[in-house]
Amino acid sequence: MRISTLVISVFLTLPSIALCEINANEIVKKADLKRGLGNISHSFNVTVTDQDNKKEIYHVYFKDVNNTLTEQTAPERSRGRKLLMKDYDIWLFTPNIKKPLRISLEQKLTGQVANGDIARTNYAEDYEATLMSTDKKDDNAYHLALKAKNNKVTYGKIEYVVSKKDFGPMEATFFALSGKPLKKATFSDYRPIQGVSRATKMVIQDYLQKDKISTLIFEDHKPEKFPDSLFNKDRLEF
Amino acid sequence: MIKSSTSSFIFITTAFLSLCSQASAESWRYQTRGYLTARLTSYTENAKNYGQQTRAQIEGASDFGSNLSAIDQLRWTSNSINADLSTVSSPSKKDMFQAYLGENYLKYKSDSWVAQIGYQEVVWGEAFGQNFADIINPKDLRETFYSDASEARFPLLLFNEKTFFTLGGFSGSLQLLYSPEPRFSKTLPVEIYAGNLLSVTTLNVNKESTPEIFKKSEFGGKFAGSYSGFDFGIFGYSYYDRDPHYTLRSATLSSISINEEHSKIKSLGVSLAKTLGDFVLRSDIVLTKNKLTNYVENLQLKSFSSDTLNALVSIDTPTYNDYSGVLIYAQSSLKDILPNSFRQKDEEYLIGKITKNIDHDKSLELSYTHEFKFTGHSIQSQFSWPITQSTDLKLGGQFYFGDKSSNLNKYKNVSGLFISLKNYFQF
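Chains A and B supply the protein sequences, listed in that same order.
For the first sequence, my numbering gives the first residue as 1, with consecutive numbering after it.
For the second sequence, my numbering gives the first residue as 1, with consecutive numbering after it.
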């Protein structure tokens, strides 16, 4: 009797665990679509403003999660800088060096705003999600733990808070591969883009130096087809 | 030969312009931008000796629809560095002014190929800092550590075509270059190379001027590819030596007059880059056939031909606590050498560079170069600070010293501290 109860309860529990796992990744996929157009070929602009009101503007060509090209358009000193991410390879082009230079993957983390924050924003592709215990005070949100699928992604772990109401991302805390907390982000300013309400503002605050704040505004999302050659490192100089 | 190169160039140009004409002038956009740099150096070798350099560039960028665009640059420089580098005492140091056309080209882009025609800069190789594969454009060799590489390069009239392709996980390109107008580098004073071999009171150098267009031509190409964390390039270029060799024109007891000449040479090379975890390994190897080098025999200025092999290996370290580093080993070797030559048979350098990023947008660079055989040293440092959205401040210094026969010691007259401001503008 006891054995059969145990077997039944195991059978009942297993699907619910599996369901939780599926749901967690599904939640992240749905949340990704509230931040961008997902894994379809498109372009968009990102404006990054730091705590001293210094602005940087980027144009991103997103073919799919493994082919992204980011071109800086402002300020003038950095105009024409390009960063190509192809699978797990990265190249940097600067107008004064005039040739593409292979750089290491960890360059994705360089700067207060990581290159990955701008160009590789589909968390579902890079991280395995699990649901964390829900905070009873805030049961309008899913609390997810996103673990890097490999050590080539931007962060080792992300603690992600997603709205239960519409799967809109609310907050994220980013951790290095070593487990050290790096920064915290909030998502806001939901606006209709291509018929769906999506977050257009991401505010990133350094975890230790709280006065270091960067505001990212994502805009001008346009579905667009790009030739393969646009993501060829030898084309960066053109 | 001349007729054939002329007709081929005209054919290529016509074909290019006809392609361009297919691009409708649906939307024409124009933008003007540029920069102005001023640098003041206080030299440490000679008391009360200052050097200045002012540089300006204005650029017009035009887009004629999505496929066709044009760049037009005008550059202006004023500097005293040529006199500063001279080993001969120069009390009447004179600033030199120069206004010249920078990059001026038309570009046509399609999905699978790009063509550019006009004055332009093309850079090959995987390494940076010391770039043996940067053989296409002539350079202002008087520019030293604290100049951007792009400021030391002179544009070359080129037809430049590059085709791109992808085969599974392999992506590659084939580039073809043709130039109907060779140009030469601005070199350091000849005394730098000759040392005591030409010890006379007066040394007059007759520069070789740029050949007339279509009188002499250059061509070459590069095949490059990337696969699974590995980049490679194989290239060759047949061209007129950017560096001069000298021939004696006339001589008296107190003065020598020499001509600067540039011989036709060929360079073949390979470049590699590979990611090793968070490190990046780079290598450039270039073999130049029949390069002429000067030597002095029985008080006569002569030259000999020899193959030159330049090789470089470097490794970039990952960033750790805002520090990153590069270690470079570079060697330049002549196959043959004769006594009293203007250079050594083997020249070897080890370069270490550390960069500290400060507050996201500032950086401090410190580098040390060690020259082997005749021991020479160079220490260089630079603090870069974007003080406003459009202005950069740089403070630093560079010091050259060592054995009198070392190459690095030849630069000792430009050892000094500097301050520079660079302002970018856009209309």
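To be clear, the hints were calculated from the coordinates, so they are not data collected in a lab.
A virtual CB, placed ideally from N, CA and C, is assigned to each residue, including glycine.
Some hints here could point you the wrong way.
[Stated by the list, open to error] Below, computed lysine-lysine pairings styled on BS3-like, alpha-carbon distance capped at 27 angstroms:
1. K412/B / K55/A
2. K149/A / K274/B
3. K152/A / K422/B
4. K353/B / K394/B
5. K210/A / K356/B
6. K86/A / K274/B
7. K180/A / K356/B
8. K225/A / K422/B
9. K186/B / K152/A
10. K404/B / K152/A
11. K55/A / K362/B
12. K107/B / K222/A
13. K356/B / K55/A
14. K107/B / K184/A
15. K149/A / K54/A
16. K404/B / K54/A
17. K186/B / K356/B
18. K86/A / K422/B
19. K422/B / K412/B
20. K54/A / K356/B
21. K394/B / K55/A
22. K289/B / K353/B
23. K147/A / K184/A
24. K165/A / K55/A
25. K222/A / K109/B
[Unchecked claim] Interface residues of chain B toward chain A, partial, derived using beta-carbon atoms under 8 angstroms:
26. Y108
27. V114
28. Q130
29. F223
30. A273
31. V280
32. T319
33. N321
34. P339
35. S341
36. P386
37. Q389
38. D392
39. K394
40. F425
Evaluation of the provided hints:
no. : hint            : verdict
1   : K412/B / K55/A  : violated (41 angstroms)
2   : K149/A / K274/B : holds (23 angstroms)
3   : K152/A / K422/B : violated (37 angstroms)
4   : K353/B / K394/B : holds (17 angstroms)
5   : K210/A / K356/B : holds (21 angstroms)
6   : K86/A / K274/B  : holds (15 angstroms)
7   : K180/A / K356/B : holds (21 angstroms)
8   : K225/A / K422/B : violated (39 angstroms)
9   : K186/B / K152/A : violated (45 angstroms)
10  : K404/B / K152/A : violated (49 angstroms)
11  : K55/A / K362/B  : holds (15 angstroms)
12  : K107/B / K222/A : holds (26 angstroms)
13  : K356/B / K55/A  : holds (22 angstroms)
14  : K107/B / K184/A : violated (43 angstroms)
15  : K149/A / K54/A  : violated (34 angstroms)
16  : K404/B / K54/A  : violated (48 angstroms)
17  : K186/B / K356/B : violated (33 angstroms)
18  : K86/A / K422/B  : violated (34 angstroms)
19  : K422/B / K412/B : holds (26 angstroms)
20  : K54/A / K356/B  : holds (21 angstroms)
21  : K394/B / K55/A  : holds (21 angstroms)
22  : K289/B / K353/B : violated (32 angstroms)
23  : K147/A / K184/A : holds (16 angstroms)
24  : K165/A / K55/A  : violated (33 angstroms)
25  : K222/A / K109/B : holds (21 angstroms)
26  : Y108            : violated (10 angstroms)
27  : V114            : holds (5 angstroms)
28  : Q130            : violated (13 angstroms)
29  : F223            : violated (10 angstroms)
30  : A273            : holds (4 angstroms)
31  : V280            : holds (5 angstroms)
32  : T319            : holds (6 angstroms)
33  : N321            : violated (12 angstroms)
34  : P339            : violated (39 angstroms)
35  : S341            : violated (32 angstroms)
36  : P386            : holds (7 angstroms)
37  : Q389            : holds (5 angstroms)
38  : D392            : holds (6 angstroms)
39  : K394            : violated (12 angstroms)
40  : F425            : holds (7 angstroms)
Of the numbered hints given earlier, the model fails hints 1, 3, 8, 9, 10, 14, 15, 16, 17, 18, 22, 24, 26, 28, 29, 33, 34, 35 and 39; all others are met.
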